[in-house]
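Participant: Below are the chains, spelled out letter by letter.
Number of protein chains: 2
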Amino acid sequence: MTGGPLEGVKVIDLTTVVVGPICTRTLGDQGASVIKVEAPGGDILRYLAAGSRTKAMSGKFINFNRNKRSIVLDIKQAEGLAALKRLIATADVFVSNVRPAALARAGLDAAALHQLNPRLIHCGIVAFGAGGRYAGRPAYDPIIQSLSGVAGTFERAIGEPRFVPMVMTDHIAGLVAAQSIGFALFRREKTGRGESIEVPMFETMASFVASEHLGAATFEPPEGPSGDARLLSKDYRPLPTKDGFITVRPNDNRQAFAFFDAIGRPELKTDPRFTDPLTRTRNAADYFDVQVQALAERTTADWLEIFAKADVPAAGYNRIDDLLEDPHLGDVGFWLQDDHPTEGRIRRTRTPVTFGGGMRDATLPAPQLGAQTREVLAEAGYAAEEIARMLADGAAA
Amino acid sequence: MTGGPLEGVKVIDLTTVVVGPICTRTLGDQGASVIKVEAPGGDILRYLAAGSRTKAMSGKFINFNRNKRSIVLDIKQAEGLAALKRLIATADVFVSNVRPAALARAGLDAAALHQLNPRLIHCGIVAFGAGGRYAGRPAYDPIIQSLSGVAGTFERAIGEPRFVPMVMTDHIAGLVAAQSIGFALFRREKTGRGESIEVPMFETMASFVASEHLGAATFEPPEGPSGDARLLSKDYRPLPTKDGFITVRPNDNRQAFAFFDAIGRPELKTDPRFTDPLTRTRNAADYFDVQVQALAERTTADWLEIFAKADVPAAGYNRIDDLLEDPHLGDVGFWLQDDHPTEGRIRRTRTPVTFGGGMRDATLPAPQLGAQTREVLAEAGYAAEEIARMLADGAAA
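Chains A and B are the protein sequences, given in the same order. Take the first sequence: its position 298, counting from 1, is numbered 298 in this note's numbering, and each next residue is one higher. Take the second sequence: its position 377, counting from 1, is numbered 377 in this note's numbering, and each next residue is one higher.
Since the hints were made in silico from the structure, they are not lab data.
Copies of the same chain look alike in the list, so a pair counts if it fits in one copy or across any two.
Taking lysine-lysine and the DSS-like style, the derived pairs with C-alpha atoms no more than 27 Å apart in a straight line are:
no., residue 1, residue 2
1, Lys76, Lys309
2, Lys76, Lys10
3, Lys269, Lys55
4, Lys190, Lys10
5, Lys309, Lys242
6, Lys269, Lys242
7, Lys76, Lys55
8, Lys85, Lys10
9, Lys234, Lys269
Let's have the full structure, built from the sequences with the hints guiding it.
Facilitator: Here it is in structure tokens:
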């Protein structure tokens, strides 16, 4: 069997920037045929973020838009909107990260979409769920990090709120959207019917944070303060060694006691602060102090050898660029190079998940703006002269 | 239609701590029937993390294990292992986060599982992919944060490597595992065949980080340094106002120019550093300086009103506990309370994603250790006397 698990699934992708493109890239990586519908100006991510060889193809855009074809439609023109609807009518999945009010104005609300294509799965990725007072507000990743408590976890740990230096909430919501589409595709095989899915970023991330940090506030009344003390320590970080950093995580009793032996502090095995997971959680600050003091005494390489022998979970520290040289990633063929048709030689990562039942075997390069406009319109049944007229009118480009 | 999209899917869950339980909770939340198979001592998360009313039911365990039933099997005993295999033989999905060598020793490698149940989807969540030199090493979330570059993004931003104060890589890999299972369930409807899936945490997170931060190093040779400068700034954080914090994200030109007007600096609209997204990315530090200076001048409430009028994306800042009082989350019914059969009154979050085709309608409370051992064995066809013997022998508990 060739092709990924989503082989044969046709996706119309009306999304931009990160949250939507991550969702549709995931679907494409797993075998779906993804048609990226862009406005005449193109996805803003083409121009954002550092690094570009030609003007509408930033490194970040390339990473988030492989395995897609691009069609440019001006859906403010009647013919452009009609073409989008024609594409949707024969698709399996339609993904949008447009505000719902704008979709409704274009005649693409849930009821209209169901009318157009009863088997369609529509996934609307929104910042805030319908029915709540923030619904319809604009949002980017840091807005969601700020509201969902992600930034707040840093204030507990280091005294000031911070964002994770990644578009993490977009990325996670995009993965959850792809997940939800998979579940709905499975259900459609049984029922024959499509459905509308709402993936709200704020609620998705509030759930993420709450699952981790409600802690004692899971109980009503609370049994103590919210938060997992081990994660909220100022020393929850790669710790300095004599020549760099190391991460060590002695978690269960065997690991903790082997760690105490390895650092030459066997007496701590009977210290009442550290006798079991619960006491080590309660005395997280002291447990970190022991680690900070000990680890500074030797080099990273020395410690890694010692902890490997003791079977204590430990690892070195990779900066972003170190990933390119990591020997394990080399072994598993993580880094690939392609010749992009317009951008030249580029690096990309292979899909990290392996499906024994078969993987997508050919990768499409991230498309130039509108590179497949003619091809996609022709596949949708438009005649050559209709396509030419749409291009002349600017309804397509 | 009642029940979630995965209604009717039977999942055998041989996982502990976070990465596996997040995967299977997601499947359960969406309607699957999840049987959590625990060793006699139980999932260590029952005892970890702050907050507990009874001894084997921490707040974190409760959050990650709703919608599951628990059966205790000692798979080191022949009868216990036989029972696990009997459960797997009639399941749709088997999820493990056990090291592959241990699975193989128990006769649960991919070939044996396929023999046992050709329609089975086995998802093996591992720290490191097979075929690479780190394969089989023990790992916890901070190990993966350290190796995958997550911690490294903080060194670029604030001068020291740090972990995100959440078990973020476990959480994300768990979501990706659930996503992958959904895709494989969809494929199985077409092919009638199961498959084995490998979800390696390290590769999954290295892909996450690389997608965001390869940037100019996407190109070979690189067009510049890796990293998205906007995200790696020391000022990428909720910024101080006169009385608290605010997050503002003027991204496209309309938003940026409206922001300059709103802060009384209209002259910046023609400043060559800030004329378009690309120049604002290149001059990210200066753009942040403008924000830091201006925002300190007024209160959060004042700024939110001003930015709302100007349609500039902005939001306040929620600490973990503020989530409990957030008015939007109140509107959408995000927080629910249940009476847990042994733990009393608890809070939980509703499933953030909404499926128009129907949602799981009843929530199972996180189970006491082995609470459904008898029930699950009986469903698997064990007679009452067989169950009694297994309980007496300690093969089940």
